[in-house]
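Asks: These are the residues of each chain, in order.
There are 2 protein chains.
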Amino acid sequence: MTYCLAIKVDEGLVFGSDTRTSAAVDDVRTYNKSHAFEFAGERAFVLLSAGNLATTQALVQRLHQDIDSAAPLNLRNARSAFAAAEYLGAASVEISRASAQLAQSSADFRVSLILGGQIAGQKPEIYLIYPEGNCISSSPETPFLQIGEVKYGKPILDRAIRPQLGLHDAARCALVSMDATFKSNLSVGPPLDLAFLPRDTLKITHLRLDLDTPFYHEAKEIWNQKQMEALRALPRFPWER
Amino acid sequence: MTYCLAIKVDEGLVFGSDTRTSAAVDDVRTYNKSHAFEFAGERAFVLLSAGNLATTQALVQRLHQDIDSAAPLNLRNARSAFAAAEYLGAASVEISRASAQLAQSSADFRVSLILGGQIAGQKPEIYLIYPEGNCISSSPETPFLQIGEVKYGKPILDRAIRPQLGLHDAARCALVSMDATFKSNLSVGPPLDLAFLPRDTLKITHLRLDLDTPFYHEAKEIWNQKQMEALRALPRFPWER
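For the protein sequence lines, the chains are A and B, in the order given.
Numbering follows the numbering used here, in which position 94 of the first sequence is assigned residue number 94; successive positions increment by one, without gaps.
Numbering follows the numbering used here, in which position 222 of the second sequence is assigned residue number 1222; successive positions increment by one, without gaps.
In case anyone wonders, no lab produced these hints; they're calculated from the structure.
Check before you lean on any hint, since a few could be wrong.
Simulated coverage check for chain B against chain A, where a stretch passes if three residues somewhere in it have a Cβ under 8 Å from a Cβ of chain A [stated by the list, open to error]: (1) 1151-1157; (2) 1160-1174; (3) 1216-1225; (4) 1230-1238.
Where is the CB? At the ideal position from N, CA and C, for every residue including glycine.
Same shape as in the complex, but just chain A (with noise of 0.2 Å):
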C-alpha cells in the first residue's frame, strides 16, 4: 500500500508521499514514491504514484526516454498541465494492460497517479490520474487529491486544507496527515518525502523525513500534547459542571 497527497493553495503546492512498499508481508522495502521532472526556467512537475511497483518505474523510465528523444508528446512539450496528465493517464493504461497480456495473469498491474506542478505562464495544477487513464483536478473546494490508504489522513486535510493556508502551513498538515496514516496502516510507512513547488518558482525543493529526524520526532511530540490539549478544551458535558 502507498499514501501520497498533493495540496494545492495560493502560495503554491506541496507533495507529500511515504517510501513503503509491499509484495507481502514479508517482503517489505523503502521505495521514493515522488519523481520530480524539473526544468529551469520552463517548467517543473512533481509525479506520485501508488499501485504496480514495476509499472511505476516502466512509467517513469518512459518519461524520461520520451523527454529525452523529444516525442511529439512528453511532459517538456505538453501545452498545460492537462495534456501532460493525459498524455500520463494513456502511458500508464498502455504500459499496465501490456504487462497484463505478457503474464496472462489476473494480477493488478494498474497505478493510480497525482501529478502536480507548474508551466510557466500558467498557473499551477494538480491532477489525479485513474488507472483507467483519466484524471481529475482538485476544486477551491477541496484543494488536494490523494491516492493509495487515503482515509486516515483525511479528516486533518478536511478541516484545515484551505487555499488561503500558508505553504508551509499546508505542509505541515500534510505532514500530520501522513503520520495519522502510519500510525493506523502497517503498509504505509516512514520516511516520509515532502516536495515543495512556491508559486512561480519552477524549483522543487524536496525534504525527506525519517522517525529519527528531529524535525519530525519534534513535530510528533508537539503534535500529539496539542492533540491532548484540544480534546480537554472541549466543552464539559452538562452534569460535569
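Starting from the structure of chain A, add chain B where the hints point.
Replies: Then chain B, alone, in the frame of chain A:
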C-alpha cells in the same frame, strides 16, 4: 454505512454511534444503533450494531424475548460478558442465515456488533462480535473497538485513548472521532448518540447530540480552532527559520 465505537478506560465505558442508515443514497433514514439493557443492581449492557438493519432489529427483539421468557441463556443470566458476547454471536449468525435462506439471495444479511457492559462483581468489558459470530475483547494497548466506517475516526483514538484517560475526556475523544467520520463519509451522519457506563455504577447515561445542539456546535468550533493552532505550533522548516 455506520460508525460505532466503544472505549474502555479505568473509569468505565463510553459508547458512540451515528444514526444514519441508507439502503441507497435516496433511501436514507435515522435509526438508533445503540441499545441499552439495564437491570438495576445486577448488570448493564450497551449493544451497538452495524450492518443489515432487519437483522439488527430481529436480534434486539430476540434478546428481549429471551430475557422475558427467562431462556436458559440470555443477557440477564449470562455468567460473564464473554458468555453474553458468544450468545449474541450465535444469535446474529442464526438470524442472518435464516434471512439468506428465506431470500435465496446473495445479499448481505449479516451484522457486526459491539457489546459492552458490566456485571455486578465483575469488571467492565467490551467485545467486538464479528459477522461470523466469534468475538474479540479490547486490550490495554488498544482499549477501544470500532465497527462500520472505522478509518477516518481512528487516528484520534490511536493518539489519545489510554486506560488512564478520564471517562469524560474519552467521551470527548469519541465525539471528535465521530465528527471526523461525519465530515468524510456521507453515509455516516448525525445525530450521534453517546452512552456512558461509569465503572461499578451499573447505570447507563445517554446523550443525543445533533448539529444544532449547542454542546456539539461549540465542540466542533473549538476543535477546528485548536487543530489550526496545533498545526501552527509544529516546528518551522529549516529554511523558514
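Asks: Please name the hints from earlier in the document that this structure breaks, with their numbers sorted from lowest to highest.
Replies: none
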